[in-house]
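Counting along the sequence shown from 1, when you hit position 52 you're at 65 in this note's numbering, and nothing is skipped either side.
Please note: incorrect hints may appear among the correct ones.
20 Å max Cα-Cα, derived SDA-like pairs, lysine to any residue [to be verified]:
{"#": "1", "residue 1": "Lys152", "residue 2": "Leu75"}
{"#": "2", "residue 1": "Lys152", "residue 2": "Ile73"}
{"#": "3", "residue 1": "Lys81", "residue 2": "Asp150"}
{"#": "4", "residue 1": "Lys81", "residue 2": "Ile65"}
{"#": "5", "residue 1": "Lys152", "residue 2": "Glu86"}
{"#": "6", "residue 1": "Lys85", "residue 2": "Val69"}
{"#": "7", "residue 1": "Lys152", "residue 2": "Glu89"}
{"#": "8", "residue 1": "Lys81", "residue 2": "Lys152"}
{"#": "9", "residue 1": "Lys85", "residue 2": "Thr158"}
{"#": "10", "residue 1": "Lys81", "residue 2": "Asn149"}
{"#": "11", "residue 1": "Lys152", "residue 2": "Leu142"}
{"#": "12", "residue 1": "Lys81", "residue 2": "Tyr95"}
{"#": "13", "residue 1": "Lys85", "residue 2": "Leu132"}
{"#": "14", "residue 1": "Lys152", "residue 2": "Val139"}
{"#": "15", "residue 1": "Lys85", "residue 2": "Asn149"}
{"#": "16", "residue 1": "Lys81", "residue 2": "Leu155"}
{"#": "17", "residue 1": "Lys152", "residue 2": "Val76"}
{"#": "18", "residue 1": "Lys152", "residue 2": "Cys87"}
{"#": "19", "residue 1": "Lys85", "residue 2": "Leu142"}
{"#": "20", "residue 1": "Lys152", "residue 2": "Val165"}
{"#": "21", "residue 1": "Lys85", "residue 2": "Leu97"}
FRET-style restraints, in silico, Cβ to Cβ [as the list claims (entries may be wrong)]:
{"#": "22", "residue 1": "Leu125", "residue 2": "Ile101", "range": "33 to 39 Å"}
{"#": "23", "residue 1": "Met130", "residue 2": "Ser176", "range": "32 to 38 Å"}
{"#": "24", "residue 1": "Thr66", "residue 2": "Leu125", "range": "26 to 32 Å"}
{"#": "25", "residue 1": "Val94", "residue 2": "Gly56", "range": "29 to 35 Å"}
{"#": "26", "residue 1": "Lys116", "residue 2": "Ala170", "range": "18 to 24 Å"}
{"#": "27", "residue 1": "Lys116", "residue 2": "Ile61", "range": "17 to 23 Å"}
No lab work stands behind these hints, which were simulated from the structure alone. Since this is a predicted model, take the numbers as computed values, not measurements. Here a beta-carbon is modelled for each residue, glycine too, at the ideal position from N, C-alpha and C.
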Amino acid sequence: MAVVRDSNRSALPLHLSAPAPTAPESSLDKFLNCCIPCGLFTGALVCIGAVITNMVFSIIALVETSHKELQKECPETNLWVYLLIIVILGTGNTRRTIQSSLKEDINICAILCGMIMHLGLLGWGVYELWEVNCVNDIKSNLIYTMTLINVVACLVAVLIIFSIIVFVRN
């Protein structure tokens with residue numbers, strides 16, 4: 014037993030004990046501690062790269078084919094306008110999401126309005142791709158391809174978000 018003196022110069026007993034032994038870290042724990050952050054970082058980079066590539070090819074598609082050219086091939090379609098709106102709103106929503114993630118307070122109303130807007134756009138995209146009769150005439154066009162990619166990605170995102178909500182509620 015060691016003795017420690019305080020400022021009044023009286024002796025206080027001090028009990029020193031060895032730290033509790035810890036179990037050695039297994040090789041699986043070491044592997045997971047390394048690979049999980051690396052996998053998340055790599056996944057984030059892949060998602061960022063995919064979004065940037067999608068935007069670039071969507072802009073290329075819009076520049077390559079005009080709305081009038083697309084209307085000549087398929088008078089009923091508005092895929093060009095849809096893709097333009099998706100590019101504009103996608104850029105704005107990404108910026109807004111990054112800015113709001115840096116703030117402490119979360120605006121639920123803005124999140125709900127954004128989700129309703131995206132569901133409406135998703136409905137429009139589904140209609141343009143699968144309900145317009147002459148859309149088969151423009152399947153070889155890059156605008157059709159980029160619209161299809163955007164609609165399918167949005168459908169997958171909605172299904173993932175819905176699954177997470179259902180899973181969290183249970």
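How the hints compare with the structure:
no.	hint	verdict
1	Lys152 - Leu75	holds, 15 Å
2	Lys152 - Ile73	holds, 16 Å
3	Lys81 - Asp150	holds, 15 Å
4	Lys81 - Ile65	violated, 27 Å
5	Lys152 - Glu86	holds, 11 Å
6	Lys85 - Val69	violated, 25 Å
7	Lys152 - Glu89	holds, 14 Å
8	Lys81 - Lys152	holds, 16 Å
9	Lys85 - Thr158	holds, 18 Å
10	Lys81 - Asn149	holds, 17 Å
11	Lys152 - Leu142	holds, 10 Å
12	Lys81 - Tyr95	holds, 14 Å
13	Lys85 - Leu132	violated, 29 Å
14	Lys152 - Val139	holds, 14 Å
15	Lys85 - Asn149	holds, 14 Å
16	Lys81 - Leu155	holds, 15 Å
17	Lys152 - Val76	holds, 17 Å
18	Lys152 - Cys87	holds, 11 Å
19	Lys85 - Leu142	holds, 17 Å
20	Lys152 - Val165	holds, 15 Å
21	Lys85 - Leu97	holds, 18 Å
22	Leu125 - Ile101: 33 to 39 Å	violated, 21 Å
23	Met130 - Ser176: 32 to 38 Å	violated, 21 Å
24	Thr66 - Leu125: 26 to 32 Å	holds, 29 Å
25	Val94 - Gly56: 29 to 35 Å	holds, 33 Å
26	Lys116 - Ala170: 18 to 24 Å	holds, 22 Å
27	Lys116 - Ile61: 17 to 23 Å	holds, 21 Å
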